[in-house]
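**Student:** Here is what each chain is made of, one letter per residue.
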Amino acid sequence: MRALVSDYQMIVPKNLDETLKLLHSEQNVWSPFAGGTDLMVVFETGKLEKKKFISLWNLKELKFIRESDDTLEIGALATFTDIQRNSIVQREFPILYQASQLVGAIAIQNRATLAGNLANASPAADSSPALLVYEAELELISAQGVRTIPYTKFHLGYKQIDLRPDELIRSIRIPRRKPGVGAAVSGNQSDVHYFRKVGTRRAQAISKVSFAGFFGAGLPGKSPVVRIALGGVAPVVIRCYQTEAMIQNQASISQMDFSALQLKLFEEISPIDDIRSNKEYRAAVCNNLLGDFLKHVELDHRTE
Amino acid sequence: MNDSVSASTIAFRVNGQSHEVKAYPMARLLDVLREDLRLTGTKEGCGEGECGACSVLMNGEIVDSCLIPVAQAHGSDITTIEGIASDPLNQKLIDTFVEEGGIQCGICTPGMMVAIVNLLKTATPSTLSDEQIRSGLAGNLCRCTGYAKIIEAVRKTVS
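Chains A and B are the protein sequences, given in the same order.
The working numbering applies: residue 1 is where the first sequence begins, and numbers increase by one.
The working numbering applies: residue 305 is where the second sequence begins, and numbers increase by one.
It is worth saying that the hints were derived from the structure and are not from the lab.
Watch out, some of these pointers could steer you wrong.
According to the in silico footprint, chain B covers these stretches of chain A (three or more CB under 8 Å from chain B) [stated by the list, open to error]:
(1) 13-24
(2) 38-49
(3) 53-60
(4) 101-115
Beta carbons are placed, not taken as given, at the ideal position from N, Cα and C, and that holds for glycine.
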């Protein structure tokens, strides 16, 4: 049944300061509302429990994407359209670029924000695997000040996030890889950035499984950097640290024991049956995508 | 029960004209356009951002009007299918749609037109690929045509 519109309140504050003060003085009363592409769907079904919203859409302080030498910082109100248009995202973070193109369709990308995608906390969120493999951190802001947490610590459980009722996500900060620091090199041709979203169709689908893989070629004598993150196969989006370690320790990708690797991956995921898919299919897809990722790595590194 | 929410005044431009309406802040832009402004060209399909029938341009960018609380449209510039249809620049698109059979039942058509106008505003017509047309229209569902005639109509319009 549809919601009764007169039951719902929305206020539009003038600036960030006013917003944070209200979230602080009337805690648990107001809920943040950015582009609304998730909340309005729930509203329309009559199941939106919260009734009082504070619109963030006009807060210019949060609408930015800026870079420094070592970080790309995406403000909470940057939409997936804004993100796709950013040349650093296109060049250095292709997984995030691809994921942004696969969120809904253009009309959704024009309204949906990266921060909103994270705060909505779906285990199938399109952008989350990218942020996990790029080791993003979140800057959270409240009237009390700012705190920074690694994105890996943000999702506490199914639909539970580390965000106080008086806090907002201010920005998402993604480290840029620099030549000579660590194993990977910014813009290094031999890095592999791999992303697949598997859903019923390419546009407008919520994924059954999503897979992000990053392979950064090692400096001479050093191991490569391997990072794998999966969506839709656990209560939260996950990094597969043990699977990564197993790949990292192999001298040769082509000669590794794939069945042992597969078992390791299956230890790390916990797919379930739900309206979008079932656990057997999800496990099979994870397995195939892992193989496909490694094939891409191998093709790019066949001369090593 | 909640303390009562009162309607507020929303001022915005629609198809080049200034309007002020009294509406609840969480009223959907779609409903305000159709019911308060009687601009019934914009259709409701799914009501959840899936089908694109309610597409309008908001500050020049395509959005699903069913997903926009009207409070967030305050101060914005909206173009609906009525604005698109009355612009002589779009006459060729409309005629080609009719000639090619890109319209059958007509419910998706206003949203399709908005998506095509949105696509053409940035694309270079001579290099527009089928892939670009398809992804430009990927958020608009049609249950009649099978899309081939719609894509053909876009192709003919730009050629």
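**Student:** Against which earlier hints does the structure fall short, listed by number upward?
**Tutor:** 1
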